[in-house]
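Asks: Chains as they are written, first to last, in my numbering: chain A, 1 to 124; chain B, 1 to 87.
Hints are computed from structural coordinates only; laboratory data are not their basis. Keep in mind that a hint or two might mislead.
Said to hold, decoys possible - Each computed PhoX-like pair below joins lysine-lysine, with the alpha-carbon atoms no more than 25 Å apart: (1) B:K80 / A:K120; (2) A:K114 / B:K80; (3) A:K34 / A:K120; (4) A:K34 / B:K30; (5) A:K120 / B:K30; (6) A:K34 / B:K80.
What the hints assert, rightly or not - Where chain B lies over chain A, by a calculated footprint (3+ residues, C-beta under 8 Å): (7) 2-10; (8) 27-33; (9) 103-116.
Stated by the list, open to error - Computed spacing ranges between beta-carbons, pair by pair: (10) A:G111 / B:D31: 19 to 27 Å; (11) A:R109 / B:V14: 41 to 49 Å; (12) A:E3 / B:D31: 37 to 45 Å.
Quick caveat, the model's predicted, so the values are computed rather than measured. Note that beta-carbon positions come from the ideal geometry of N, C-alpha and C, so glycine has one too.
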Amino acid sequence: MIEVTIQLLGFIAAALLIVIGIAGMVFLDNMIKKIIAFTLLSDGVNLLLVAIGYIEGGVVPILLPGMSITEFTMRAALVFPIGIVLTNIVIGVSTTAILVALVIMLYRRYGTLKASVILKGERR
Amino acid sequence: MIELSSSFIIMGYVMVIAITVGAIAALLQKDLIRAAFLSGAESIALAFFFQALLAPDLGLTQAIVGTVLLPGIIILGIFKTRRTEEE
Numbered sequence: 001m002i003e004v005t006i007q008l009l010g011f012i013a014a015a016l017l018i019v020i021g022i023a024g025m026v027f028l029d030n031m032i033k034k035i036i037a038f039t040l041l042s043d044g045v046n047l048l049l050v051a052i053g054y055i056e057g058g059v060v061p062i063l064l065p066g067m068s069i070t071e072f073t074m075r076a077a078l079v080f081p082i083g084i085v086l087t088n089i090v091i092g093v094s095t096t097a098i099l100v101a102l103v104i105m106l107y108r109r110y111g112t113l114k115a116s117v118i119l120k121g122e123r124r
Numbered sequence: 001m002i003e004l005s006s007s008f009i010i011m012g013y014v015m016v017i018a019i020t021v022g023a024i025a026a027l028l029q030k031d032l033i034r035a036a037f038l039s040g041a042e043s044i045a046l047a048f049f050f051q052a053l054l055a056p057d058l059g060l061t062q063a064i065v066g067t068v069l070l071p072g073i074i075i076l077g078i079f080k081t082r083r084t085e086e087e
């Protein structure tokens, strides 16, 4: 029997988010729904990275007064995935904005949001 | 008295269920604005999960960005195109 920790729950939630995101991007027909599924996939990858950096019984990586350096380096959660994910959240916003702008241009040209109609290439 | 870690695990179960239900419900809506708000609800559950995984700065950033900024951008796009999903 595996002991349930918050890290294991994080991995489960990340796997569910990634599966839901990929399935939504592949099987849904609406372009806005594809964008929402893309944000779900991005959230799943972020959660996977943060769950890798978790240490059982650790502390938040902030050096408080009264804590020695050796104890801090032994117990603090990994800082590198946190920095990577903080960058990825901010980049994800601009990526979503560009995707929304492209979908608006596609709607002006083709008059629909369905990907199956847009792929046929019939202009309005 | 409940320990801090066990209360985090209880909160983790609730957050896994909230993330999964929010994500699936966001992708099954016919109304696109409702779908955007449901993705925001999924994102606030994810912010609680970041808080439990010892990354509070990511929790604050995800709570602001995923709940206000991303649904706002998507809703702007919906207003420029069409609100309901066509058959």
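Asks: If a hint holds in the structure, say so; if it doesn't, say that too.
Replies: Consistency of the hints with the structure:
1. B:K80 / A:K120: The hint holds at about 23 Å.
2. A:K114 / B:K80: holds, 15 Å
3. A:K34 / A:K120: Distance of about 18 Å is within 25 Å: holds.
4. A:K34 / B:K30: holds, 13 Å
5. A:K120 / B:K30: Holds, because 23 Å separates the two Cα atoms, which is no more than 25 Å.
6. A:K34 / B:K80: Distance of about 17 Å is within 25 Å: holds.
7. 2-10: holds (count 6)
8. 27-33: holds (count 4)
9. 103-116: holds (count 6)
10. A:G111 / B:D31: 19 to 27 Å: Given about 20 Å between the Cβ atoms, the range holds.
11. A:R109 / B:V14: 41 to 49 Å: Taking Cβ atoms as reference, A:R109 and B:V14 lie about 45 Å apart, which means the hint holds.
12. A:E3 / B:D31: 37 to 45 Å: Check passed, 42 Å falls within 37 to 45 Å.
Every hint from the earlier list agrees with this structure, and none is contradicted.
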